[in-house]
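Chemist: Residue numbers (my numbering), protein chains in the order written: chain A, 3 to 532; chain B, 138 to 262.
These are computed hints drawn from the structure, not numbers from a lab. The structure displayed is predicted, hence computed values, not measured ones. Wrong hints could be hidden among the right ones.
Unchecked claim - Stretch-level coverage of chain B by chain A, calculated; a stretch enters the list once three of its residues show a Cβ under 8 Å from a Cβ in chain A:
| no. | segment |
| --- | --- |
| 1 | 210 to 222 |
| 2 | 230 to 238 |
| 3 | 244 to 251 |
Claimed, not checked - The calculated BS3-like cross-link candidates involving lysine-lysine, where the alpha carbons are at most 30 Å apart (straight line), are:
| no. | chain 1 | residue 1 | chain 2 | residue 2 |
| --- | --- | --- | --- | --- |
| 4 | A | Lys175 | A | Lys362 |
| 5 | B | Lys253 | A | Lys362 |
| 6 | A | Lys175 | B | Lys253 |
We put the beta carbon where it would ideally sit given N, CA and C, even for glycine.
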Amino acid sequence: MDAVMFATATAAADWVLILPVVLPLVGGAILLMLRSARDLQWSFAVAVTAGVLICDLLLLGRTLAAGPLSMTMGNWLPPFGISFTADSLSATFAATAAALTLLLLVYLQMDVPERARRDGVYPLVLLLLAGVGGSFLTGDLFNLYVWFEVMLIASFGLMVLGGREIQLDATVKYGIMNFLATSLFLLSLGLLYGALGTLNMADITLRAGQADPAVMAGIAALLLLAFGTKAAAFPVNTWLPASYHAPPAAVSALLGGLLTKVGVYALLRSLVMLLPASREVLAPAIALAAILTLVLAPLGAIAETNLRRAIGFMLIGGVGATLVGIAVPGPASLAGSAVYVLHAMLTVTALYLVAGLIEKASGQTDTRRMGGLYAASSPLSLIFLVLVLSISGIPPSLGFWPKLLLLEGSLDASGLAGAPGAPLDWWGVGLAAAVLLNAFLTTIAGTRLWAHIFWREGPEGAQSEVPNPALRPLTRRETWLGLVPTAVLAGVVVAVALLPNPLLEAGRAAARDLLAPQNYIDATRLGGMS
Amino acid sequence: MDYAVAALAGLFLTAAIYLLLSRSLISMLLGLALLGNGINLVILVSGRLSRGVPPIAAQAAGVPLPGSANPLPQALILTAIVIGFAMFSFLLVLAYRAYQALDADRTDTMRLAEPKGGPRPPLSY
Numbered sequence: 003m004d005a006v007m008f009a010t011a012t013a014a015a016d017w018v019l020i021l022p023v024v025l026p027l028v029g030g031a032i033l034l035m036l037r038s039a040r041d042l043q044w045s046f047a048v049a050v051t052a053g054v055l056i057c058d059l060l061l062l063g064r065t066l067a068a069g070p071l072s073m074t075m076g077n078w079l080p081p082f083g084i085s086f087t088a089d090s091l092s093a094t095f096a097a098t099a100a101a102l103t104l105l106l107l108v109y110l111q112m113d114v115p116e117r118a119r120r121d122g123v124y125p126l127v128l129l130l131l132a133g134v135g136g137s138f139l140t141g142d143l144f145n146l147y148v149w150f151e152v153m154l155i156a157s158f159g160l161m162v163l164g165g166r167e168i169q170l171d172a173t174v175k176y177g178i179m180n181f182l183a184t185s186l187f188l189l190s191l192g193l194l195y196g197a198l199g200t201l202n203m204a205d206i207t208l209r210a211g212q213a214d215p216a217v218m219a220g221i222a223a224l225l226l227l228a229f230g231t232k233a234a235a236f237p238v239n240t241w242l243p244a245s246y247h248a249p250p251a252a253v254s255a256l257l258g259g260l261l262t263k264v265g266v267y268a269l270l271r272s273l274v275m276l277l278p279a280s281r282e283v284l285a286p287a288i289a290l291a292a293i294l295t296l297v298l299a300p301l302g303a304i305a306e307t308n309l310r311r312a313i314g315f316m317l318i319g320g321v322g323a324t325l326v327g328i329a330v331p332g333p334a335s336l337a338g339s340a341v342y343v344l345h346a347m348l349t350v351t352a353l354y355l356v357a358g359l360i361e362k363a364s365g366q367t368d369t370r371r372m373g374g375l376y377a378a379s380s381p382l383s384l385i386f387l388v389l390v391l392s393i394s395g396i397p398p399s400l401g402f403w404p405k406l407l408l409l410e411g412s413l414d415a416s417g418l419a420g421a422p423g424a425p426l427d428w429w430g431v432g433l434a435a436a437v438l439l440n441a442f443l444t445t446i447a448g449t450r451l452w453a454h455i456f457w458r459e460g461p462e463g464a465q466s467e468v469p470n471p472a473l474r475p476l477t478r479r480e481t482w483l484g485l486v487p488t489a490v491l492a493g494v495v496v497a498v499a500l501l502p503n504p505l506l507e508a509g510r511a512a513a514r515d516l517l518a519p520q521n522y523i524d525a526t527r528l529g530g531m532s
Numbered sequence: 138m139d140y141a142v143a144a145l146a147g148l149f150l151t152a153a154i155y156l157l158l159s160r161s162l163i164s165m166l167l168g169l170a171l172l173g174n175g176i177n178l179v180i181l182v183s184g185r186l187s188r189g190v191p192p193i194a195a196q197a198a199g200v201p202l203p204g205s206a207n208p209l210p211q212a213l214i215l216t217a218i219v220i221g222f223a224m225f226s227f228l229l230v231l232a233y234r235a236y237q238a239l240d241a242d243r244t245d246t247m248r249l250a251e252p253k254g255g256p257r258p259p260l261s262y
């Protein structure tokens, strides 16, 4: 009997691992009960999110100092109990998600109509945070599925809240595609359990090598399809430009900044750490998807006239960049992917926030009629330009550093950097070229957007030299609750870009842990040295 | 027995994919429901089917009888059913609401978020 149970209870200090999930879940439930106390909702949500952020930061400190941390529910020994396991990668992502949510709560106050606030936008945000945090911190694959669904149902609610017709249309497509993707994830879980008899991540890492490689490759292919859809990689990305521009901008930012990144995180965890041998088999497919996503997405952005749809396409290009590390996992490219996810979380969120303010100041969503906004709000134009340069990766912006690592990684894999005459790996060459081309095309798309919205005096066509009468400066409320948080976030993007060393070091450490997961396995205490 | 249930799951998935390829929202939702059921059968059969011995341990023994059924797939399936049911009912209500507001059940005519043809790309610069 003793062999399946922990003798001692989990130390109280280890509870930081589960608190980032428990707090928003309980908080969301309490907020639902406090629906009538409308003045309390916002401050309560902020307090809960701040608590989550503190727990995440404590957790991050511990994982950086002492390596991965794990706790298992109900005193059952892993793999019987459900484990929560955090390494520096998951703790960093979880902390960033909580910080972004905190900032977005301020912006939401300004952006969301009164009706949505009454219908429970704040509980939904907390539940979304619980789902995102759970996905990052869990150490059990079935538990990951549960958190995906928590996240999904909260995002459905957020997307449809307000009930405009365009939102209904968008949510139908978003909902069906994402529900299908999580169902496929569940299917691969069932098959994985049939093949290995375990769903604990650390245990899967140990056992995957002994199973039939063909079976494991099939399961990995299903996982790639499921998580690829969640992450919006080409060719299963079409739901994203169809849906992310419909809800209020703050909700777009929340979904765009957090949800697709969870898909990328799940890909990193499952393909690179859990099933490395099967990833090897799928490498050409992943590389092809990465190259096509990198090149096609910014072309979509160039052709787009709806501002937030254009940003959606740039976001998809970033997903292609994170796939590079999964296609050719080396120390440099994996670090690049991890840092890119972090960069995309910050930059994409900020871009959506700016887009929301631009839409407010110009009164519309079509970039062809926004011209001349520089005169109405010059800080807005500055922030937008900084973010656009950051997402395309112009040095010394934040996007430059992960793209440099990705380039280094794909050149390492290609053999171009090695001895002359060595055989070339064309996938590596293609990936390196695609990363460069993506930077180039995204620069074109982004700077054109800037020129159309801010630089040109008036709307497109014959009126383009005439000042645009439709524009108005931001109101006081929009400035304090909208522009200030956005400027803070843009300031963080700039500050991290100018002092990138801690971030790059963290990325390299995360890559080491993904490639050699021994610390992760030891932390779960599989086999029971308690 | 395992083979029969596996084949049945395959049949479910085939029908689900056929329905999902339709352009009518209701067919797609039925396809999703069928897909969920097929997947639950896959989980059930991947725990290996057996009959007659329930997974209950005698107090003294501490471990269940040899050859007893695997209880884990049932826990997994129960979770998946609950979640799948919540998702399905949300999507069903959403589809009905979309049908009321947009007067469209076919995805071809539901083009508010992505207008058909789309505007031409921005010119100049």
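Chemist: Please list, smallest to largest, the hint numbers that this structure does not respect.
Modeler: none
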